[in-house]
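**Q** Position chain B relative to chain A; hints supplied.
Number of protein chains: 2
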Amino acid sequence: MLTDQSKIKFQNSGKVVTTEQIFNGHVLDLYVNKMDIDGQIVERELVHRHPGVGVLAFTPDEKIVFVKQYRPAVDEYLMEMPAGLIDLVEGEFEEPLITAKRELEEETAYQAANWEKIGEFYVSPGALDEKLHLYVATDLVRVDNPLPQDEDEQIELIELEKAEVLNLLKTNQIKDAKTVIALQYWLLNEE
Amino acid sequence: MLTDQSKIKFQNSGKVVTTEQIFNGHVLDLYVNKMDIDGQIVERELVHRHPGVGVLAFTPDEKIVFVKQYRPAVDEYLMEMPAGLIDLVEGEFEEPLITAKRELEEETAYQAANWEKIGEFYVSPGALDEKLHLYVATDLVRVDNPLPQDEDEQIELIELEKAEVLNLLKTNQIKDAKTVIALQYWLLNEE
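Chains as they are written, first to last, in my numbering: chain A, 1 to 191; chain B, 1001 to 1191.
The hints are simulated quantities; they were obtained by calculation from the structure and are not laboratory data. Since we're looking at a predicted model, the values are computed, not measured. One or more of the hints may lead you astray.
Claimed, not checked - Here are the simulated BS3-like pairs of lysine-lysine, each with C-alpha atoms no more than 30 Å apart in a straight line:
1. Lys-34(A) / Lys-1068(B)
2. Lys-162(A) / Lys-1162(B)
3. Lys-117(A) / Lys-1063(B)
4. Lys-1015(B) / Lys-1034(B)
5. Lys-170(A) / Lys-1117(B)
Extracted from the complex, chain A is given alone in its bound form (with noise of 0.2 Å):
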């Protein structure tokens, strides 16, 4: 059951007219709320996700890892960068970046000693308040005993060089969003 501030955000904005909870699941929640936007009633059906991260990592040798994984929503298997969704802890969101060095050692077995930021984004706002937290992270040092994998997650990791990565980039073939930005936001401000 998913119980934070996103829902109760949801259910008790001002433009709130009625709202009805249609599905409180695992992993997302589904509404449909009556609102009063600039005068209008209208209705909105809207999906409430835990806000998630994602960590575009670079090995000492330059390399940048992805983890390549089935995702059934698209029936295909994509190349990402590491990520996962925010845990709450006693009603309260984690802090973003304590979730990124998580999910980046689970999914990895790496840890890094460098952090820096890239924003944050919201990746699909028409029905979804799904909010991304990206980083990029330097100096990566393998770990012997890492953090374990979720069970329920089947992942394969694949480290490339920059112009691997590149040529993945021009011909579409890196197609998940938040790795797209990220990526871009490398090569955009890359010294």
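**A** Same frame as chain A, but now just chain B:
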């Protein structure tokens, strides 16, 4: 009611063991599927939504066209590129470029003579099948009698110089993922 290819994919993928439709809405459907992923049975909450388009449009005096609107899901007014969901026509999704041309005209009263495709991206592939087709549109001409805006949309049109856009991007004031992808793409590829 949404009846289309993606829904069929959700239900018939070789990996689906059982599927239950929880909700059948105006802009999204919700399923709970049991999936066989690499020999492991896992339960997944999946949201089906129509694919969409986004248009990064440049006026003849080199300004970029944004729409600012209230987004109930995130309870914020966001600066975004013109965008919209792809219609179903006789059970098939229309060509994304047709949607892009219509949405640009409806939301901005511009038509464009020159269209370049940036790519196709999944905005949240962990739970949502939504795919976005992104374009750059140039050689804009203002239309005297444009297609009308959707009745339940309240949109403010804003045209900004490159320097202003760069500042918004750098300070994370543009939070919509699709808009960030398109702006970064333009910065990486401009002549």
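**Q** Each of the hints needs a verdict: does it hold here or not?
**A** So, going through the hints one by one against the coordinates:
At most 30 Å may separate the alpha-carbon atoms for a hinted pair to count; Lys-34(A) and Lys-1068(B) meet this at roughly 21 Å. Of the supplied pair hints, the one linking Lys-162(A) and Lys-1162(B) holds, its CA atoms being roughly 28 Å apart against a limit of 30 Å. Taken as a hint, the Lys-117(A) and Lys-1063(B) pair is honoured in the structure, with Cα atoms around 29 Å apart against an allowance of 30 Å. Distance hint between Lys-1015(B) and Lys-1034(B) is fulfilled; the C-alpha atoms sit about 9 Å from each other, no more than 30 Å.
Between Lys-170(A) and Lys-1117(B) the CA atoms are separated by roughly 12 Å; this keeps the pair inside 30 Å, and the hint holds.
In this structure, none of the earlier numbered hints is contradicted; all agree with it.
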